[in-house]
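Asks: So you can see what is in the structure, the chains are spelled out below.
There are 4 protein chains.
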Amino acid sequence: MKVGVIGCGYWGPNLVRNFSAMDEVTVVAVCDSREERLDFIRRQYPAIRLFTKESGEILKSPDIDAVVIATPVSTHFPLGMEALANGKHLFIEKPFTATVEQAEGLINLAEQKNLRIMVDHTFIFTGAVQAIRKLVDDGTLGELYYFDSVRVNLGLFQHDVNVIWDLAPHDVSIMDYLLDRQPKAIAATGMAHFDTDIENIASISTYYEGNLLGHIHVNWLAPVKVRKTLLSGSRQMVIYDDTDPSEKVKVYERGVEMIEDKNAIYDILVQYRTGDMLAPRLDSTEALKLASAEFYKAVNENRAPKTDADAGLRVVRILEAANRSIRENSRVIELD
Amino acid sequence: MKVGVIGCGYWGPNLVRNFSAMDEVTVVAVCDSREERLDFIRRQYPAIRLFTKESGEILKSPDIDAVVIATPVSTHFPLGMEALANGKHLFIEKPFTATVEQAEGLINLAEQKNLRIMVDHTFIFTGAVQAIRKLVDDGTLGELYYFDSVRVNLGLFQHDVNVIWDLAPHDVSIMDYLLDRQPKAIAATGMAHFDTDIENIASISTYYEGNLLGHIHVNWLAPVKVRKTLLSGSRQMVIYDDTDPSEKVKVYERGVEMIEDKNAIYDILVQYRTGDMLAPRLDSTEALKLASAEFYKAVNENRAPKTDADAGLRVVRILEAANRSIRENSRVIELD
Amino acid sequence: MKVGVIGCGYWGPNLVRNFSAMDEVTVVAVCDSREERLDFIRRQYPAIRLFTKESGEILKSPDIDAVVIATPVSTHFPLGMEALANGKHLFIEKPFTATVEQAEGLINLAEQKNLRIMVDHTFIFTGAVQAIRKLVDDGTLGELYYFDSVRVNLGLFQHDVNVIWDLAPHDVSIMDYLLDRQPKAIAATGMAHFDTDIENIASISTYYEGNLLGHIHVNWLAPVKVRKTLLSGSRQMVIYDDTDPSEKVKVYERGVEMIEDKNAIYDILVQYRTGDMLAPRLDSTEALKLASAEFYKAVNENRAPKTDADAGLRVVRILEAANRSIRENSRVIELD
Amino acid sequence: MKVGVIGCGYWGPNLVRNFSAMDEVTVVAVCDSREERLDFIRRQYPAIRLFTKESGEILKSPDIDAVVIATPVSTHFPLGMEALANGKHLFIEKPFTATVEQAEGLINLAEQKNLRIMVDHTFIFTGAVQAIRKLVDDGTLGELYYFDSVRVNLGLFQHDVNVIWDLAPHDVSIMDYLLDRQPKAIAATGMAHFDTDIENIASISTYYEGNLLGHIHVNWLAPVKVRKTLLSGSRQMVIYDDTDPSEKVKVYERGVEMIEDKNAIYDILVQYRTGDMLAPRLDSTEALKLASAEFYKAVNENRAPKTDADAGLRVVRILEAANRSIRENSRVIELD
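Same order as they appear, the protein sequences are chains A, B, C and D. Each residue of the first sequence is one higher than the one before, starting from 189 at the first, in our numbering. Each residue of the second sequence is one higher than the one before, starting from 189 at the first, in our numbering. Each residue of the third sequence is one higher than the one before, starting from 189 at the first, in our numbering. Each residue of the fourth sequence is one higher than the one before, starting from 189 at the first, in our numbering.
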């Protein structure tokens, strides 16, 4: 499979490195409008053709089978449509598109042309998320009660989209994958603390059938990174702290049953845990390595990849509804 | 000051111990309907008069100056009204009352009778909350952006009120004290996962003038205790983890200014912090010791105590609005 | 059983409280030369007889069955001998005695008089140490390789014994209990950083048959408390951090076998763990409650208590040898 | 500067990457006896000449200015001598050599030929060690009391040297750099738990003039990585945990002075800290990037590099003495 990469910002070198590392794949071309971003590629991968002005070469080149799109989200739709029209499979950075309508457009065209679209929801391929999904699937957690995710990022710099479009795709895609169901309603709030009208802090609540709640808080501009997800079930609870190098996932067993004796309750109130805690060993394979391999395999086997365009669409639908709720003063937005 | 204590459940022995420890205060009587709860008092404090059937003795006794009410919230209003009518000062457990109307009733009667009411928002008196308030007051944090509090408690047992009335008074009173302003609107969600209709998980969003957001998540039934509050400002950010014995409060300095250079941004994205972190030494005096002393001094000096009935009322107003929002499908409730 | 307590410093009130809490035991008398240390007892336990000048009353009183000795170590031997001579059972604070000879003297007299001696190695009764001992006993850890304990305490104040006699009894008694064997040799180093010749930092190495090493580091004067013990075996490893409220004991499974493939080794070198980590739920009963109950039961059942005088002697033997090694420039001291 | 690299094991690719990344340096040749280790180089750096059989090409090639030696320690001396004889500067992996005598041999020849030798004590170039050294230099820590370092590594595999030669060079070089003085005596213990006579656990004590103690514990075969260093001074204490991604260095202020009041002492005994804790922001530049740049600059400026051959020799002297102590039953070895 011959791959062309459009966009070589923060994530671009990782994409080039992982696709290049597969024996079955060759990265033949990379394009970025900033000359200095291509320097690294030029040094490390002298065989790759580089383009600064035009992505057209990559979108049209007959020797390219698949296009990796790692540009700002506003360009995903036009670039993706042109790539599909030219018969290329797509590996697109998150978020899939800027609107639900665009996502549906890409999905329809890919279906007509029998091409694959994979959205780079990288976290789904981490050992941590895979381990938690397994705990959900095998019933360890029991009935799911609550999903709470906090993602607070460093830095004080300009963005072209708000914090929901920038950070929340991670949490929403993890939530989509772990809960494996769709919210029936969404409410959100956001605040812009600078001259712009781009929200830098936001909070999203998601409501599900069956007494399940979700909550996501995303925040730029903080001086410390926080990436903590809590998934609470009737039997066990998981705390996933992505900044912890050795104990990212902690699984808490309940250990006690319904207590009626008030004095026993008082004893428990001063404790910190009621059961064992297990921090399972996690697969430490680089998530993007697994994601790029999955893309190649899906194309090769002519099947939908793990984080396909439908997953991308589900995430965009939630992001879009959250932004609508913010504009309408945190009104609860019903989804169908 | 002679004190009578009504209710001797989980918190009762702590109240008796702290009021007894003051030289200026004598606990003369304790009342609880459960005989076994009085055993501990009988052993340790043989001089204290004990009552099991009737709180009337305490409410009416002419040698009692102040009454401590540590009974279920539904009884706070009638017991408090009778105590005030009999000329007693009040030290009332959180939440102050079950409704805003009840709170206003107690406030009015106390004013007429020139009596003091203090609500036991114990956390306000911790070294941690005092240290954070100082960071707010002296401008260290800068303009406040976000308050986020998660309180997840152990245990699986029956309650007479929902998790908002049980746990959120802690977070709401801390938020009230640290932010020092009132929300203009509130939305909340809650879920009951058992046969009862008592919510055991809930989430409250509070909206303020001036681009400030608050969020509180409370949760019973978890196998591990979580008590984490994040307060984010324009200059610094505080993370308060009440379960950490030695580093409860961590203050993160920003350390970097607005960055325009995209390559510098990429460097920052892989880091965990952008400035120093300071974990200040905290006063470790028992919070209830300070609270009970404050009550005595306020009565003695004929002034409002630190966490007075108005603070209690503000908290009850938020709890009441949150419960209304839950009943109305998370509708945003405007406060005046 | 009627108990008299001699010495009411830091630990005294805990001893009085725990012995008083047992239905089968009555604390009838307490003695301390400092009047202010008895105030607390007077308030809380009006029925207890108090003595400031003379411990003789307690040592001789015919209505006292057992004496608790919580005075400086230099007085343990004379007080203990007199108590035994008067037919009292002994509960003695750690360290048991100031010399091996004194320990043997007490043991001999107790045997002659058929009396019980228990040494207050409180940590042995913690849920943490009990859980680790279980992992040793059931073979979970495998063959033991290494015991390493660091105990760094707060504060800058005067002591009458060096840091080995003050802090190391905790670690040595834990090591004695967990390893369940005696060292064949000991070397130690210590430093006195103040005008006195009392060491405030010390390090003890213990050598065992069968390729087992022990190491203890004790340190006063630090600004932060450290209490960390590492026990490494052929199958699993335990890290016990006594300052961690919810995850005191962490058990690390190995998870991988002998690896020959060099490339696989390179992969492992960048990881943090090779197997699961389990933090078992620990019994949170107060250790001193269990210790005082054990003493009562041992006396009642006419049997040796769990941490008996022999355990106390073993600890003193190691402390004595460590101090000798320090005086002889860290020479390795052989034990028989 | 043209560089040839001999040895391409675990660390080799990092060396090639960092030397290649400098504009002023070109890696012209890499040699390793294992063909598969060169594959990565071949892919990423097609311009580099590769050799599998002979290191002679690199040692002799007239277009090579400096040789990087990353082979087993037993080969450092012969390879280094030949490289120096051929007029090459040397960048040698730690430990510098297998014996003090070899180290002195290399130093003498380098002096005769006016060539530079740098030993790759990479940790010295980390932001963490640099920050701690600054605290030592500016007197923040006060007089140094104690250095304690624990390095426990993952994995169960064969080694050609014992754990002291493998892991302790890190700790010894950090200790050498931070304390900036030489021990007057050394004692050590080690154990081999497998059929071989290669110690896999070892402990080194170092004694200094002026009441300073050092202790290093190194350990293979553990299921979890531990890399913790404690440096205690008269004013402050530092805990350096290299596995903590965001708070590697914690500096604890004392905060209290000499306390004479016994009751105040009892209060402090139940606390965890007596002063503030500061976790300073650390420079996160890759240490090897700084080390390789230092080597280039030292060669260019004709001056000794930061971690020069003398530093390498000091480390080897301690390692050699520690091994001698082990062979002589932990005898204290005096150094001159």
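FYI, nobody ran anything at the bench for these hints, they're computed from the structure. Don't take each hint at face value.
Note that the list lumps identical chains together, so a pair holds whenever it fits in one copy or between two copies.
To be verified - Derived DSS-like pairs: lysine-lysine, alpha-carbon spacing no greater than 27 Å straight-line:
(1) Lys-438 <-> Lys-416
(2) Lys-372 <-> Lys-301
(3) Lys-322 <-> Lys-241
(4) Lys-485 <-> Lys-322
(5) Lys-485 <-> Lys-241
(6) Lys-485 <-> Lys-190
(7) Lys-322 <-> Lys-438
(8) Lys-372 <-> Lys-438
(9) Lys-372 <-> Lys-477
(10) Lys-190 <-> Lys-372
Asks: Determine for every hint whether it applies to the structure shown.
Replies: Here is what the structure says about each hint:
1. Lys-438 <-> Lys-416: Answer is both; intra-copy 11 Å and inter-copy 17 Å each pass.
2. Lys-372 <-> Lys-301: neither (32 Å within a copy, 53 Å between copies)
3. Lys-322 <-> Lys-241: This pair counts as neither: shortest intra-copy Cα distance 45 Å, inter-copy 48 Å.
4. Lys-485 <-> Lys-322: Answer is within; shortest intra-copy Cα gap is 22 Å, inter-copy 49 Å.
5. Lys-485 <-> Lys-241: neither (31 Å within a copy, 38 Å between copies)
6. Lys-485 <-> Lys-190: Within. Shortest intra-copy distance 13 Å satisfies the 27 Å Cα cut-off; inter-copy 42 Å does not.
7. Lys-322 <-> Lys-438: both (14 Å within a copy, 23 Å between copies)
8. Lys-372 <-> Lys-438: neither (29 Å within a copy, 38 Å between copies)
9. Lys-372 <-> Lys-477: neither (34 Å within a copy, 48 Å between copies)
10. Lys-190 <-> Lys-372: neither (41 Å within a copy, 57 Å between copies)
Going down the numbered hints, you'll see the structure goes against 2, 3, 5, 8, 9, 10, while the others check out.
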